[in-house]
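Peer 1: Residues per chain are reported as follows:
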Amino acid sequence: MKSKPTRVTNSIRALRFARGEMTQAQLADRIGVTRQTIIAIEQGRYSPSLEMAFQIARVFQVPLDAVFQYPDQANPDKATS
Amino acid sequence: MSYEEKGVWVYLVTSAGGYAVYLAIIAGRLASTPAAAVSYAPVLLWTAGASIIASVIGRTLVETARPSDSRRGDVRDREISRSGEFASRWFVIAGAAAGLAMAMARWDYFWIGNVIYLGFVLWAVAGSVVKLIAYRRGLQP
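Keeping their order, the protein sequence lines are chains A and B.
The letter at position 49 of the first sequence is residue 49 when you use our numbering, and the numbering goes up by one with no holes.
The letter at position 135 of the second sequence is residue 135 when you use our numbering, and the numbering goes up by one with no holes.
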């Protein structure tokens, strides 16, 4: 099975829908990237920089760990910030 | 597919296509002429030039057929571009080193010129492939 390039997971898709079904294009415009980059982040094909991660969290007005999660080494099922 | 990714596809096709045309012409000449007497430089320059022009036209045609959301690249495009250039740089280094070794060994200009050209073509093709894999599967850390 093909492994993803990053172990970071995210809740961007859920947060977009919770924010009035914000489109990927709208989010991309807000943080100054292409729509394809938002798609790649949502699908776990691209890890954004720390700066971009903060920008995304700021758009949704939530803490960083509400957007991005990282699995615990000892307990991989448990995602931590 | 982003504007930059489409550009990489066009560049890959035109680079490989240009070299394929060059090889076909030179192979035809090599069949009847010794390598030292083969006039390769004009063919190399014309096919390389045609490849650049085809790349510009191809990009315009692709954008006309399937317009992109935006023509601006972003940080991900730049990272992918850098990773492709980094991974494929060895082909240019190998081509230059092989050309140098062949010059010191007094090989014919034909072979020296061609091995260096091959290094550039492999750099372009391998770099494009690495970038496309990164676009499709993600950047490997």
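Calculated directly from the structure, the hints in this document are not laboratory data.
Fair warning: there could be bad hints in the mix.
What the hints assert, rightly or not - Here are some of the chain A residues that sit facing chain B, going by a computed Cβ distance under 10 Å:
1) T6
2) R16
3) A25
4) R45
5) S49
What the hints assert, rightly or not - On the chain B side, residues computed to face chain A include the following (Cβ under 10 Å):
6) M104
7) A105
8) D108
Stated by the list, open to error - Simulated crosslink set (SDA-like; lysine to any residue; CA at most 25 Å straight-line):
9) A:K4 to B:R66
10) B:K6 to B:V125
11) A:K4 to B:V75
12) B:K6 to B:E63
13) A:K4 to B:K6
14) B:K6 to A:A18
15) B:K6 to A:S49
16) A:K4 to B:E85
17) A:K4 to B:D74
18) A:K4 to B:V129
19) B:K6 to A:R35
20) A:K4 to A:S49
21) B:K6 to A:P5
22) B:K6 to A:Q24
23) A:K4 to B:G58
24) B:K6 to A:I31
25) A:K4 to B:E79
26) A:K4 to B:E63
27) B:K6 to A:G44
28) B:K6 to B:M102
29) B:K6 to B:G58
30) B:K6 to A:D29
Glycine is no exception: its CB is placed at the ideal position from the N, C-alpha and C atoms.
Peer 1: Now look at each hint and say whether the structure bears it out.
Peer 2: Tested hints:
| no. | hint | verdict |
| --- | --- | --- |
| 1 | T6 | holds (7 Å) |
| 2 | R16 | violated (17 Å) |
| 3 | A25 | holds (7 Å) |
| 4 | R45 | holds (3 Å) |
| 5 | S49 | holds (7 Å) |
| 6 | M104 | violated (43 Å) |
| 7 | A105 | violated (43 Å) |
| 8 | D108 | violated (46 Å) |
| 9 | A:K4 to B:R66 | violated (29 Å) |
| 10 | B:K6 to B:V125 | holds (15 Å) |
| 11 | A:K4 to B:V75 | holds (20 Å) |
| 12 | B:K6 to B:E63 | holds (8 Å) |
| 13 | A:K4 to B:K6 | holds (23 Å) |
| 14 | B:K6 to A:A18 | violated (33 Å) |
| 15 | B:K6 to A:S49 | holds (24 Å) |
| 16 | A:K4 to B:E85 | holds (22 Å) |
| 17 | A:K4 to B:D74 | holds (21 Å) |
| 18 | A:K4 to B:V129 | holds (19 Å) |
| 19 | B:K6 to A:R35 | holds (14 Å) |
| 20 | A:K4 to A:S49 | holds (17 Å) |
| 21 | B:K6 to A:P5 | holds (22 Å) |
| 22 | B:K6 to A:Q24 | holds (20 Å) |
| 23 | A:K4 to B:G58 | violated (32 Å) |
| 24 | B:K6 to A:I31 | holds (22 Å) |
| 25 | A:K4 to B:E79 | holds (17 Å) |
| 26 | A:K4 to B:E63 | violated (30 Å) |
| 27 | B:K6 to A:G44 | holds (21 Å) |
| 28 | B:K6 to B:M102 | violated (37 Å) |
| 29 | B:K6 to B:G58 | holds (10 Å) |
| 30 | B:K6 to A:D29 | holds (20 Å) |
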